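There are 4 protein chains.
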Amino acid sequence: MSSASFSQKCVLSGSWKSSVGCKMVVSELSEAGVFSGSYLSAAMAPKADRLPSRLHGIQHGASLTEQPTFGFTVKWQFSESPPDSMSVFVGQCFVDDQGEETLQTMWLLRQEVGSPGADWEATRVGTNVFTRFKGQNMGESMRSDGAR
Amino acid sequence: MSSASFSQKCVLSGSWKSSVGCKMVVSELSEAGVFSGSYLSAAMAPKADRLPSRLHGIQHGASLTEQPTFGFTVKWQFSESPPDSMSVFVGQCFVDDQGEETLQTMWLLRQEVGSPGADWEATRVGTNVFTRFKGQNMGESMRSDGAR
Amino acid sequence: MSSASFSQKCVLSGSWKSSVGCKMVVSELSEAGVFSGSYLSAAMAPKADRLPSRLHGIQHGASLTEQPTFGFTVKWQFSESPPDSMSVFVGQCFVDDQGEETLQTMWLLRQEVGSPGADWEATRVGTNVFTRFKGQNMGESMRSDGAR
Amino acid sequence: MSSASFSQKCVLSGSWKSSVGCKMVVSELSEAGVFSGSYLSAAMAPKADRLPSRLHGIQHGASLTEQPTFGFTVKWQFSESPPDSMSVFVGQCFVDDQGEETLQTMWLLRQEVGSPGADWEATRVGTNVFTRFKGQNMGESMRSDGAR
Chain A
157 MSSASFSQKC
167 VLSGSWKSSV
177 GCKMVVSELS
187 EAGVFSGSYL
197 SAAMAPKADR
207 LPSRLHGIQH
217 GASLTEQPTF
227 GFTVKWQFSE
237 SPPDSMSVFV
247 GQCFVDDQGE
257 ETLQTMWLLR
267 QEVGSPGADW
277 EATRVGTNVF
287 TRFKGQNMGE
297 SMRSDGAR
Chain B
157 MSSASFSQKC
167 VLSGSWKSSV
177 GCKMVVSELS
187 EAGVFSGSYL
197 SAAMAPKADR
207 LPSRLHGIQH
217 GASLTEQPTF
227 GFTVKWQFSE
237 SPPDSMSVFV
247 GQCFVDDQGE
257 ETLQTMWLLR
267 QEVGSPGADW
277 EATRVGTNVF
287 TRFKGQNMGE
297 SMRSDGAR
Chain C
157 MSSASFSQKC
167 VLSGSWKSSV
177 GCKMVVSELS
187 EAGVFSGSYL
197 SAAMAPKADR
207 LPSRLHGIQH
217 GASLTEQPTF
227 GFTVKWQFSE
237 SPPDSMSVFV
247 GQCFVDDQGE
257 ETLQTMWLLR
267 QEVGSPGADW
277 EATRVGTNVF
287 TRFKGQNMGE
297 SMRSDGAR
Chain D
157 MSSASFSQKC
167 VLSGSWKSSV
177 GCKMVVSELS
187 EAGVFSGSYL
197 SAAMAPKADR
207 LPSRLHGIQH
217 GASLTEQPTF
227 GFTVKWQFSE
237 SPPDSMSVFV
247 GQCFVDDQGE
257 ETLQTMWLLR
267 QEVGSPGADW
277 EATRVGTNVF
287 TRFKGQNMGE
297 SMRSDGAR
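Residue numbers (my numbering), protein chains in the order written: chain A, 157 to 304; chain B, 157 to 304; chain C, 157 to 304; chain D, 157 to 304.
Same shape as in the complex, but just chain A:
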């Protein structure tokens, strides 16, 4: 899977880590740019409760542009169940002179609320920056869910 980082830049397939301790593994892309994968957030859950969460998204024509945009959804999954929540990320892949890829993203995090009257407070916003993960065992530790 890490061969993606040698062959073609800015195809999302492979393993990524973020500056705030998030990790994700992205599958091969379909012809239309659709991908799935799994996401692990250090920040969102206590250690014992960290399960890989499923992600699903689309990348713009990676064969046509060098710095493509993409978007994906993460369906959060915790062993103890808080109110359901969902994140969406949208971003672009940039490649620097050394060939290093960076995913600049912004995200929205939505928590389930009880009624439309509480809708106003349901959505958080933020940024996250990802770089290629070059260790070996991320796929291993996140396989349980990513393979489903």
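One or more hints might be untrue.
The list treats identical chains as interchangeable, and a pair is accepted whether it falls inside one copy or across any two copies.
[Stated by the list, open to error] Calculated pairs, SDA-like style, for lysine to any residue (alpha carbon to alpha carbon, straight line, at most 25 Å):
no. : residue 1 : residue 2
1   : Lys179    : Val269
2   : Lys179    : Arg280
3   : Lys165    : Asp253
4   : Lys173    : Gln267
5   : Lys179    : Asn284
6   : Lys179    : Gly217
7   : Lys173    : Val269
8   : Lys165    : Gly270
9   : Lys165    : Gln267
10  : Lys173    : Pro272
11  : Lys165    : Gly255
12  : Lys165    : Glu277
13  : Lys179    : Val190
14  : Lys290    : Gly273
15  : Lys290    : Gly255
16  : Lys173    : Thr258
17  : Lys173    : Val285
18  : Lys179    : Val285
19  : Lys173    : Asn284
20  : Lys165    : Ser271
21  : Lys179    : Glu268
22  : Lys173    : Thr283
23  : Lys179    : Thr283
24  : Lys179    : Trp263
25  : Lys173    : Ser271
26  : Lys165    : Val190
27  : Lys290    : Pro272
28  : Lys179    : Gly270
Bear in mind the hints are in silico, worked out from the structure with no lab data behind them.
Predicted model only: the values in this text are computed from it and were never measured.
Starting from the structure of chain A, add chains B, C and D where the hints point.
Then chains B, C and D, alone, in the frame of chain A:
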């Protein structure tokens, strides 16, 4: 497809319209809540240039909660090609006393920019509210892409 | 203060209410467009704990453009003290054919967090729409703080 | 003005620079935490067109909390006049073990649009991080506007 609105509330499958003229058709959900579909924005493109754009997303366990959260990505597709752009939506389905379903969403719209230095201005944010589309021919007019 | 609604459109001075039960009173604008005022949120606090909160902002040259943009900060103030929080609103005033003014706004709400590691979850985002308040006693009920 | 960085941490008064080339000078705070100042954005305008823009905001009780939240509005001012635009920033000041202050902010940037139908695309969102500016002449170069 509109049978969804009679049987089970707040499963995203079916046809939806928004207050600002957007329309979308969502496929049957997989067991894991994954769906695809197509999206048509009246606002984003001149009339001649409106093509249905592919969407892809996940809904939280619709069988377990009555007002589930969801997220999806839209890969914009125009006949004339502006810089690539992507939207992500995150939201929750609410059902009122009459059984009417409303999708309250917030979105991010990302445009492709030339370099990391222009990243700061790449992302727009907004809200959109969807209700069931009860006309008959939305699936028809949007089938060309949704079927891919 | 309500004379503003007869004389000149889209000067923020006066009383406004939002669709979700928020109310605000805005002072006369300075020559540079600076204003202050007070804000009351039905949603953010239990009834007993609702105090008017101070707001402070700037409007773009209301004498030069018919539908000016504006921005303001609200410093939340509750009788019982939760973590400090701040909101910022940015928007534009639109006038319809009947002369009705509408303030279309988006906001960010920031809560105080204990450390930079919790910064990612500190900010909420949403929209709010205001129209002129035509009742008589808003200024009265909100004067206690606005006058400071 | 730079004496603020020696005496009391996380009072916004003084000079700040951001990672993307923005600079701001903030006045003394009033007792209620109100401040004004000027802001210079490297990113938003071509070099010839950079004028300091007025800012206005509020900080939460800096005397009571060590890492206070704040919010402010920037009224953009360019020598050539594009559509009016406004930014609002909301954030929190963090102090690390070495006493270095960092302002973590999120912002919304609103551009004037012609009608409510274009409102959906008017607002951008992003982040910005500021640290104390330790050079000497920022106040000088930005005084023209800040003094008004």
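Tested hints:
For a Cα distance limit of 25 Å, the shortest separation of Lys179 from Val269 across copies, 23 Å, qualifies, whereas the shortest one inside one copy, 27 Å, does not. Taking the shortest alpha-carbon separations for Lys179 and Arg280, both the intra-copy value of 20 Å and the inter-copy value of 23 Å come in at or below 25 Å. For a Cα distance limit of 25 Å, the shortest separation of Lys165 from Asp253 inside one copy, 12 Å, qualifies, whereas the shortest one across copies, 39 Å, does not. In this assembly of identical chains, the alpha carbons of Lys173 and Gln267 lie at most 25 Å apart whether taken from the same copy (24 Å) or from different copies (23 Å).
Taking the closest pair of Cα atoms, Lys179 and Asn284 come within 25 Å of each other both inside a single copy (11 Å) and across two copies (23 Å). Taking CA atoms no more than 25 Å apart as the test, Lys179 paired with Gly217 passes in both settings, with 24 Å inside one copy and 24 Å between copies. Taking the shortest alpha-carbon separations for Lys173 and Val269, only the inter-copy value of 23 Å comes in at or below 25 Å, while the best intra-copy value is 30 Å. Proximity of Lys165 and Gly270 under a CA criterion of 25 Å is satisfied inter-copy only: 16 Å between copies versus 44 Å inside one chain copy.
In this assembly of identical chains, Lys165 and Gln267 lie within 25 Å of each other by CA distance solely across copies; the values are 19 Å between and 34 Å within a copy. Taking the shortest alpha-carbon separations for Lys173 and Pro272, only the inter-copy value of 19 Å comes in at or below 25 Å, while the best intra-copy value is 35 Å. Within a single copy, Lys165 and Gly255 get their C-alpha atoms as close as 8 Å, which meets the 25 Å cut-off; across copies the closest is 40 Å, which misses it. Proximity of Lys165 and Glu277 under a CA criterion of 25 Å is satisfied inter-copy only: 23 Å between copies versus 38 Å inside one chain copy.
Taking CA atoms no more than 25 Å apart as the test, Lys179 paired with Val190 passes in both settings, with 19 Å inside one copy and 21 Å between copies. Taking CA atoms no more than 25 Å apart as the test, Lys290 paired with Gly273 passes between copies only; the shortest distance there is 24 Å, against 45 Å inside one copy. Only within a single protomer do Lys290 and Gly255 lie at most 25 Å apart by alpha-carbon distance; the minimum there is 14 Å, versus 34 Å between protomers. With identical chains, the CA atoms of Lys173 and Thr258 are at most 25 Å apart both within one copy (10 Å) and between copies (24 Å).
With identical chains, the CA atoms of Lys173 and Val285 are at most 25 Å apart both within one copy (8 Å) and between copies (21 Å). For the homomeric pair Lys179 and Val285, the shortest alpha-carbon distances inside one copy (11 Å) and between copies (23 Å) are both at most 25 Å. In this assembly of identical chains, the alpha carbons of Lys173 and Asn284 lie at most 25 Å apart whether taken from the same copy (10 Å) or from different copies (21 Å). When the C-alpha separation of Lys165 and Ser271 is checked against a cutoff of 25 Å, the pair qualifies only between copies, where the shortest distance is 15 Å, while the shortest distance within a copy is 44 Å.
Taking the closest pair of Cα atoms, Lys179 and Glu268 come within 25 Å of each other both inside a single copy (24 Å) and across two copies (24 Å). In this assembly of identical chains, the alpha carbons of Lys173 and Thr283 lie at most 25 Å apart whether taken from the same copy (14 Å) or from different copies (20 Å). For a Cα distance limit of 25 Å, the shortest separation of Lys179 from Thr283 qualifies both inside one copy, at 15 Å, and across copies, at 21 Å. Taking identical chains as interchangeable, the C-alpha atoms of Lys179 and Trp263 lie at most 25 Å apart whether they share a chain (15 Å) or sit on different chains (23 Å).
For the homomeric pair Lys173 and Ser271, the shortest alpha-carbon distance between copies (21 Å) is at most 25 Å, but the shortest distance inside one copy (35 Å) is not. For the homomeric pair Lys165 and Val190, the shortest alpha-carbon distance inside one copy (17 Å) is at most 25 Å, but the shortest distance between copies (28 Å) is not. In this assembly of identical chains, the alpha carbons of Lys290 and Pro272 lie at most 25 Å apart only when taken from different copies (22 Å versus 44 Å within one copy). For the identical chains of this complex, Lys179 and Gly270 are inter-copy neighbours only, at 24 Å across copies versus 30 Å inside a copy, given an alpha-carbon limit of 25 Å.
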